Amino acid sequence: MGDQRVVLVSANWKMHPSHVEALGLVVQLAGHLRASAIPAGREVSIHPPLTFPTTVKAAIRADRVPVALGADLLFR
Numbered sequence: 001m002g003d004q005r006v007v008l009v010s011a012n013w014k015m016h017p018s019h020v021e022a023l024g025l026v027v028q029l030a031g032h033l034r035a036s037a038i039p040a041g042r043e044v045s046i047h048p049p050l051t052f053p054t055t056v057k058a059a060i061r062a063d064r065v066p067v068a069l070g071a072d073l074l075f076r
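For the sequence shown, my numbering assigns the number 1 to the initial residue and increments by one for each residue that follows.
Keep in mind that the hints were calculated from the coordinates and are not lab data.
In this text the structure is predicted, and so the values were computed from the model without any measurement.
No residue lacks a Cβ here, since even glycine has one placed at the ideal position from N, Cα and C.
Some hints could be false.
If you anchor each label on the Cβ, the simulated ranges turn out as follows [unchecked claim]:
(1) Ala37 <-> Arg61: 16 to 24 Å
(2) Ala62 <-> Gln4: 29 to 37 Å
(3) Ala37 <-> Ala62: 26 to 34 Å
(4) His16 <-> Ala40: 28 to 36 Å
(5) His19 <-> Ala40: 32 to 40 Å
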């Protein structure tokens, strides 16, 4: 009782960007998320192609983007 569901908003990248394009998408996402705060009870995750997990994870951490990385969600 009293458990509240968390709404998960996920984006699965259906494309194969270069490293530069992947980093650009993370920077754009960070800007959008900073411009509008994520409401309480919501989480955001992104699922980039598995060719760039380290690149995208580093960008998320460096920019402090409030999103989870899809590959990391598998191992929670």
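So, going through the hints one by one against the coordinates:
One distance hint, 16 to 24 Å for the beta-carbon pair Ala37 and Arg61, holds here, with the actual separation near 20 Å. Taken as a hint, the range 29 to 37 Å holds for the pair Ala62 and Gln4, whose Cβ atoms sit roughly 31 Å apart. For Ala37 and Ala62, the Cβ-Cβ distance of about 20 Å falls outside the hinted range of 26 to 34 Å, so the restraint is violated. Look at His16 against Ala40: about 35 Å separates their beta carbons, and that is inside 28 to 36 Å.
Separation of His19 from Ala40 is about 34 Å and conforms to the stated range, judged on CB atoms against 32 to 40 Å.
In the structure shown, a violation is registered for the earlier hint numbered 3 alone.
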